[in-house]
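Each residue of the sequence shown is one higher than the last, beginning at 703 in the numbering used here.
Certain hints may be false.
No farther apart than 30 Å at their CA atoms in a straight line, the calculated lysine-lysine pairs in the DSSO-like style are these [said to hold, decoys possible]:
#, residue 1, residue 2
1, Lys773, Lys815
2, Lys723, Lys791
3, Lys800, Lys723
4, Lys791, Lys840
5, Lys723, Lys744
6, Lys729, Lys752
7, Lys791, Lys815
8, Lys772, Lys729
9, Lys815, Lys776
10, Lys815, Lys840
11, Lys800, Lys729
12, Lys752, Lys800
13, Lys773, Lys729
14, Lys815, Lys772
15, Lys800, Lys815
16, Lys729, Lys744
17, Lys773, Lys744
18, Lys791, Lys744
19, Lys815, Lys729
20, Lys791, Lys837
21, Lys772, Lys723
22, Lys744, Lys772
23, Lys772, Lys791
24, Lys800, Lys837
25, Lys744, Lys776
26, Lys837, Lys773
27, Lys815, Lys744
28, Lys776, Lys723
29, Lys800, Lys744
30, Lys773, Lys800
31, Lys791, Lys773
32, Lys729, Lys791
33, Lys800, Lys840
34, Lys800, Lys776
Since the hints were derived computationally from the structure, they do not count as laboratory data.
Computed from a predicted structure; not experimentally measured.
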Amino acid sequence: MISIDPVNIHFHIPASDPLGKNEVLGKLRFLPEHVALSWRMKGSVFTGGKGELTTIDLAYGEIEHVELVKKWFKIRRIILRISNPELVKDIPGVDMGKMVLHIDERSRDEARKLIDLIDFKRSMFILDDHEKRLKAMKEQ
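All chains, full assembly: derive it from the sequences and hints.
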């Protein structure tokens, strides 16, 4: 297995309400074995402080689609589609497993590496899954 350096992307999901109560801050870490999605609610005057940090581990096989949205030649957003919406149902602003993540300025260079990395990891996951099925069929 090829060792890779983790790709870290800081993001936010804008609030869906006019008062800004549901704004989410987070970080995506693309590790060799899985994707770690850490998020918390942004603090406001109404909530009295920052929310609790929650981390979700996603296998590369759970990521169905990745899209980078560019504006003026810079990557502004990442659209992730997760195959199992139950994993991300608690995150405000996520609809049926579709996550629209607005990338922070400091993470735009890292985001360029993302599509090739995820395609490579998904193909490895699919290949491993096929090998497991073939092995199980041979044992029967």
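Hint by hint, here is what the structure shows:
The suggested pairing of Lys773 with Lys815 holds, with an alpha-carbon distance near 17 Å, which does not exceed 30 Å. Between Lys723 and Lys791, the direct Cα distance comes to roughly 17 Å. Compliance with the 30 Å bound is thereby established for this hinted pair. Proposed proximity of Lys800 and Lys723 is supported: the alpha carbons are some 20 Å apart, at most 30 Å. Of the supplied pair hints, the one linking Lys791 and Lys840 is violated, its CA atoms being roughly 38 Å apart against a limit of 30 Å.
The straight-line distance between the Cα atoms of Lys723 and Lys744 is roughly 8 Å, inside the 30 Å bound, and the hint therefore holds. At most 30 Å may separate the alpha-carbon atoms for a hinted pair to count; Lys729 and Lys752 meet this at roughly 15 Å. A C-alpha spacing of about 27 Å is found between Lys791 and Lys815, which places the hinted pair at or below 30 Å, so the restraint holds. Restraint check for Lys772 and Lys729: the C-alpha separation of about 19 Å stays at or below 30 Å, so the hint holds.
For the proposed pair Lys815 and Lys776, the alpha carbon gap of about 13 Å is at most 30 Å, so the pair holds. For the hint linking Lys815 to Lys840, the alpha-carbon distance of about 38 Å lies beyond 30 Å, and the restraint is violated. Proximity of Lys800 to Lys729 is assessed by CA-CA distance (about 16 Å); at most 30 Å being required, the pair is judged to hold. Distance check on the hinted pair: Lys752 and Lys800 sit about 24 Å apart at the alpha-carbon level, within 30 Å; holds.
Of the supplied pair hints, the one linking Lys773 and Lys729 holds, its CA atoms being roughly 21 Å apart against a limit of 30 Å. For a cut-off of 30 Å, the pair hint linking Lys815 to Lys772 stands: about 14 Å separates their Cα positions. This hinted pair checks out: Lys800 and Lys815 have alpha carbons roughly 21 Å apart, not beyond 30 Å. Straight-line distance between C-alpha atoms of Lys729 and Lys744 comes to about 13 Å, which keeps the hinted pair within the 30 Å bound.
Only pairs whose Cα atoms come within 30 Å are accepted, and Lys773 paired with Lys744 is accepted, the gap being roughly 25 Å. Note on Lys791 and Lys744: the hinted pairing holds, with a Cα-Cα distance of about 18 Å set against a maximum of 30 Å. The suggested pairing of Lys815 with Lys729 holds, with an alpha-carbon distance near 16 Å, which does not exceed 30 Å. Note on Lys791 and Lys837: the hinted pairing is violated, with a Cα-Cα distance of about 35 Å set against a maximum of 30 Å.
For the hint pairing Lys772 with Lys723, the CA-to-CA distance comes to about 27 Å; that is within 30 Å, so the pair holds. Restraint check for Lys744 and Lys772: the C-alpha separation of about 25 Å stays at or below 30 Å, so the hint holds. A threshold of 30 Å between alpha carbons decides the hint, and for Lys772 with Lys791 the separation of about 26 Å falls inside it, so the pair holds. Taken as a hint, the Lys800 and Lys837 pair is broken in the structure, with Cα atoms around 34 Å apart against an allowance of 30 Å.
For the given pair, Lys744 sits about 25 Å from Lys776 by alpha-carbon distance, which is consistent with the 30 Å threshold. Annotation: proposed proximity of Lys837 to Lys773 is violated, straight-line Cα distance about 47 Å (limit 30 Å). Restraint check for Lys815 and Lys744: the C-alpha separation of about 27 Å stays at or below 30 Å, so the hint holds. Distance check on the hinted pair: Lys776 and Lys723 sit about 28 Å apart at the alpha-carbon level, within 30 Å; holds.
Taken as a hint, the Lys800 and Lys744 pair is honoured in the structure, with Cα atoms around 20 Å apart against an allowance of 30 Å. Taken as a hint, the Lys773 and Lys800 pair is honoured in the structure, with Cα atoms around 20 Å apart against an allowance of 30 Å. With a C-alpha separation of about 28 Å, the suggested pair Lys791 and Lys773 falls inside the 30 Å cut-off, and the hint holds. In summary, the hint linking Lys729 to Lys791 is supported, as the alpha carbons are separated by about 17 Å, within the 30 Å threshold.
Under the criterion of a C-alpha separation no larger than 30 Å, the hint pairing Lys800 with Lys840 is inconsistent with the structure, at around 38 Å. For the suggested pair Lys800 and Lys776, the alpha carbons sit about 22 Å apart, so the restraint of at most 30 Å is met.
Hint compliance for this structure: hints 4, 10, 20, 24, 26 and 33 are broken, all remaining hints hold.
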